[in-house]
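Protein chains: 4
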Amino acid sequence: MTPKPRFSANINTFNAGADRYVLSGYGERYPTDELIQMATRVKGLTGVELVGLWHVNDNNVEQIRRQVADAGLVVTCVTPDIWASSKWGRGSFTSRDPNIRQAAIQEVIKSMEWAKQLDCEVIDLWFGQDGYDYPFQGDFLSAWDRLISGVIECADHLPEVKIVLEYKPKEPRTHCYIATVGKTLLLIDKVNCPNVGAMIDVGHALMAYENTAESAALLQYFGNKLFYMHFNDNWRLWDDDMTVGSVHTIEMLELLYWLDQMNYTGWYALDIFPYRENGIRAAQESILWLQGLHNLLDKIGRERFGAVIASGDSMEASAMLREAILR
Amino acid sequence: MTPKPRFSANINTFNAGADRYVLSGYGERYPTDELIQMATRVKGLTGVELVGLWHVNDNNVEQIRRQVADAGLVVTCVTPDIWASSKWGRGSFTSRDPNIRQAAIQEVIKSMEWAKQLDCEVIDLWFGQDGYDYPFQGDFLSAWDRLISGVIECADHLPEVKIVLEYKPKEPRTHCYIATVGKTLLLIDKVNCPNVGAMIDVGHALMAYENTAESAALLQYFGNKLFYMHFNDNWRLWDDDMTVGSVHTIEMLELLYWLDQMNYTGWYALDIFPYRENGIRAAQESILWLQGLHNLLDKIGRERFGAVIASGDSMEASAMLREAILR
Amino acid sequence: MTPKPRFSANINTFNAGADRYVLSGYGERYPTDELIQMATRVKGLTGVELVGLWHVNDNNVEQIRRQVADAGLVVTCVTPDIWASSKWGRGSFTSRDPNIRQAAIQEVIKSMEWAKQLDCEVIDLWFGQDGYDYPFQGDFLSAWDRLISGVIECADHLPEVKIVLEYKPKEPRTHCYIATVGKTLLLIDKVNCPNVGAMIDVGHALMAYENTAESAALLQYFGNKLFYMHFNDNWRLWDDDMTVGSVHTIEMLELLYWLDQMNYTGWYALDIFPYRENGIRAAQESILWLQGLHNLLDKIGRERFGAVIASGDSMEASAMLREAILR
Amino acid sequence: MTPKPRFSANINTFNAGADRYVLSGYGERYPTDELIQMATRVKGLTGVELVGLWHVNDNNVEQIRRQVADAGLVVTCVTPDIWASSKWGRGSFTSRDPNIRQAAIQEVIKSMEWAKQLDCEVIDLWFGQDGYDYPFQGDFLSAWDRLISGVIECADHLPEVKIVLEYKPKEPRTHCYIATVGKTLLLIDKVNCPNVGAMIDVGHALMAYENTAESAALLQYFGNKLFYMHFNDNWRLWDDDMTVGSVHTIEMLELLYWLDQMNYTGWYALDIFPYRENGIRAAQESILWLQGLHNLLDKIGRERFGAVIASGDSMEASAMLREAILR
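Protein chains in written order, with the working numbering: chain A, 1 to 327; chain B, 1 to 327; chain C, 1 to 327; chain D, 1 to 327.
Keep in mind that a hint or two might mislead.
Unchecked claim - Simulated pairs of lysine to any residue, SDA-like, Cα-Cα distance not exceeding 25 Å:
| hint | chain 1 | residue 1 | chain 2 | residue 2 |
| --- | --- | --- | --- | --- |
| 1 | A | K4 | B | A319 |
| 2 | B | K87 | D | G25 |
| 3 | C | K225 | B | L141 |
| 4 | A | K190 | D | D189 |
| 5 | D | K225 | A | L141 |
| 6 | C | K87 | A | Y21 |
| 7 | B | K87 | D | E34 |
| 8 | D | K116 | D | R90 |
| 9 | A | K190 | D | I148 |
| 10 | C | K4 | D | L73 |
| 11 | A | K43 | B | E323 |
| 12 | D | K225 | A | D145 |
| 13 | B | K87 | D | G27 |
| 14 | A | K299 | B | M320 |
| 15 | D | K225 | A | N192 |
| 16 | A | K190 | D | D145 |
Hints listed in this document are in silico derivations from the structure and should not be mistaken for laboratory results.
Based on the sequences and whatever the hints tell you, model everything.
Spelled out as structure tokens, the structure:
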């Protein structure tokens, strides 16, 4: 029997979402302890993600550990903030300023330490500001040199904490260096540390015209490097961060099938921006969709999927899915 | 009770599909009479589309009429071929050569007459070659002048045959003049003939980042101008002409809901290119998906959809769809 | 001789740009009077745009009028803010809440009155929040009803102020109702007021896979409805709001050619977000590019462009442009 | 002094281009010897590419060698045809049929041998049909196994001939396995043969939202694996195969800069589809654009580019390019 997924969500899911037009946010803002409480109101949610400095810091780490534990939750990921203030605007690990580079590495290392104190296995390394916007602005070679050496420095610091690279083709830069599953694997390969792997953020992969199922398979094919998953949905061209199940039904099913098939046993974390939705309900819907789709795989039978994929018969796949979805 | 859709398909669905790499086609080629016979083997298919000159001409129109009738089918649409030979390569109605323009109009008029002889209400006017490829190549003003006057000339010729404009943003030109639902309605408005309306080809609308449901609603909002529908699916960025249900489940459901809501009573025609699939099976799958999704609307209840849309509550929509699809 | 373009820019160009990751902005924030002063430091800039409530209100309108005049500038456009706070998050003119709808109309009317007091001809009506994010969320018919009646109400209030509709396919909603040049013209046609027209924001049009030159030609073709222009550049898939000239050279040239050709005599306003750039320099670069490209048209000779377009000879166009750009 | 690029073109450039609508082609078709003659009429063109079986085979290889030499040309690349007939429709190296897989490998080996006989260093391995169209159709693991082992088998056969992998995200499949520069480098790394590298087809990279300059830099960064270049242009979303210089001016300049910077010394080959253009003129325009842009780099001065890139100052880049292009 395939084990059931375990679900997590960034506690910011429950906070007001903002965009470049409504900078003050579409909803209400809450303190961290309330955000943790809100997480407990989502059925099936047993883990939470925290952002370094936003939710956890040197002074409150023990208190946060207790709050999360008291809420019956575990911390599944700490995300160092190396992208949300103007100081990172021209890059973190790839900044042309060595002080910024060193500060970014220190920020990551701090998050690794907080993660360890929180019994959390994973930190999420997203190089959101590391890229370029304009032609003739990117300095590709030094960028890769710095990404490689910086990740090694972090990875060596605390080998028991996993560094999970999160790729994204663009935003906030028009071009990010670590843009695709392929580039992510190249970086992992160069870094060559057992505690460095990748996550797939579903929306980021869709933006890159990747089939998320294929990307998951590749990350496992090249050394079992899929350490974590971020779920959401979008309209394929931008990181809309919508709830799971809102647009893509069948591709999500294909992803879930391959995750099990490739023995992915990590968390199923939500990374959604419910700007105009209630965060608790948005998380709940996402989990219910994921659970429902996962159950559908069992109902149809894994071996039927295996046979269809072995045959490559797209119309057999269509019939199988149609009967399951529309019976 | 909402009436059930009636299904049609271009008989070319059953012929070998070709692309620019495999010009000789991925499958086998059949004569017209066999293509008609193949249509009878698709359960639920009661109509066929024909292409002018390819399948019907002055000499065989009566014979084709009989063959289709004997097969228990009706002709739902005749498509004039004003795009499939090099003579149309630089445009049909908008060609800079007045002889080509006149020839194109004549081709359309011939198809209208064949349609009438075949008791077919609709011809499909697709301006595939009318556009431009390179910067500084398009002559926008004369193009619109010619489109307007050309369509009027055709429409006036046989007012009892409906001319259905099929828009598409690109391919075979990198830019087609009649690219979006908005431009189509502008042309319809200028032409201002009761027998001129539009179809939505689902894939063309997806390529244009249109929500097909919204496009259908608009065509009806602006004077009940949705005369016909072409169904297929794609990956949103190109006219992949895949079978219905293969990628987009929920958007297709939203489209079907709005078609009924806006009192669309025309044909549900397939426009798919099953390059590597069996054409009969591809058509069958598409119809079964459409029927299944249409039934799902009834099962959920139209009034529930109405209430959800009135509220604009996206998570209520999510829950309703999830329960119906994954129960 | 073709008259030279007159340039304007939103004074916010000189303020810190923010996005959903760096909500506090990438640069420094300045008060309105300093922003106006900064505009004077851009050579060739003679106009400014203001945003209602942000820069101008009932209490300061006379003072702003004087400040702008003293700076030797004119106000070219006032943009009512009906999208930058959470109250507009579910729509302005198309909100399901009649109070919000009325408030939005009042906001527009106030901006029209400020515009009049500022001797400014134009207000920019951008329906950024009027659209939907999720399937089954949009209520297309009531949305159009409300857009039409709301615009009429505003237009009738002060017929001497021009209302300029700014279309955009998405952001901040995943789907905006007034998404393309075609839909904009449909709305203009329904509204049918002489003081209602459109602008093209170059980046919005690029996102919609429009050729901006063609869109400009169409807006003039259908009743001289191009009232205003927003210039910027992007990578074609998102509203990156980059400086003019940064990515697309030849398409910008084609647009400038057609603007003159179609007798566009309105302002050439910048709508750029120089997140990580100095605003004054970014505006200056944009104007210098526009001036340089405009001069290039004269150098090549308008009649040569006319001949190339009349012929449709793409390689002749290529040679002409190549010689001009690379001589 | 930077050496000047050497130019090549597939002789098919001069033949009629066809697409899925105009299967018989937009122009005239010519025999191979005439195509070779046509190549001599393009100034600056000193190399030609041939397609296996189409232009060269076991019986005519010596004759072709002589014809090319007599024309004063050299063969720069032989492309095995493993994608242009229905037998390859469901894959070549990744076919589920072992006979097809073996046949594909044999076809490549034959092209390698012809290349050797023609004193040609390079064969172009494009896995156009190796991918999938529908969800649940791709069998990712066996596909990669087969790609790796198949390429090794070919590479080992004739180590003195370079195998150049050509990536493309889609077409003719909706998803190709070797889709991006990242995946290409992963395959190269696994294959690990000194005679296996990659090319960048500019249009394929643009479709994948890659910056071609960055992709070139990466291929060199990871072991000098950029062996060949295919030049063309497009509108960024599809492989339009337009002439160089038609749309993207500045990005092409950035690519040319980085090719020199990364010591790329291979051919600058054209891969254009001048459907409605004269092939000789289209090739000539492309070469003149490339030469002109390359000269512009020298005129501006390589060291100025280096300084701008080192600073990351996008407005300095803008000013430098503007002055060079619009002076």
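Hints and how they fare:
In summary, the hint linking K4(A) to A319(B) is supported, as the alpha carbons are separated by about 21 Å, within the 25 Å threshold. A C-alpha spacing of about 10 Å is found between K87(B) and G25(D), which places the hinted pair at or below 25 Å, so the restraint holds. Straight-line distance between C-alpha atoms of K225(C) and L141(B) comes to about 15 Å, which keeps the hinted pair within the 25 Å bound. Taken as a hint, the K190(A) and D189(D) pair is honoured in the structure, with Cα atoms around 11 Å apart against an allowance of 25 Å.
At most 25 Å may separate the alpha-carbon atoms for a hinted pair to count; K225(D) and L141(A) meet this at roughly 15 Å. For the proposed pair K87(C) and Y21(A), the alpha carbon gap of about 12 Å is at most 25 Å, so the pair holds. For the given pair, K87(B) sits about 24 Å from E34(D) by alpha-carbon distance, which is consistent with the 25 Å threshold. For the suggested pair K116(D) and R90(D), the alpha carbons sit about 29 Å apart, so the restraint of at most 25 Å is broken.
Under the criterion of a C-alpha separation no larger than 25 Å, the hint pairing K190(A) with I148(D) is consistent with the structure, at around 20 Å. Of the supplied pair hints, the one linking K4(C) and L73(D) is violated, its CA atoms being roughly 50 Å apart against a limit of 25 Å. Among the hinted pairs, K43(A) with E323(B) is consistent with the structure: their alpha-carbon atoms are about 16 Å apart, no more than 25 Å. Note on K225(D) and D145(A): the hinted pairing holds, with a Cα-Cα distance of about 18 Å set against a maximum of 25 Å.
The straight-line distance between the Cα atoms of K87(B) and G27(D) is roughly 10 Å, inside the 25 Å bound, and the hint therefore holds. Restraint check for K299(A) and M320(B): the C-alpha separation of about 21 Å stays at or below 25 Å, so the hint holds. Restraint check: the Cα-Cα separation between K225(D) and N192(A) comes to about 21 Å, which is no more than 25 Å; the hinted pair holds. A distance of roughly 22 Å separates the Cα atoms of K190(A) and D145(D); the hinted pair therefore holds under the 25 Å criterion.
The earlier numbered hints that this structure contradicts are 8, 10.
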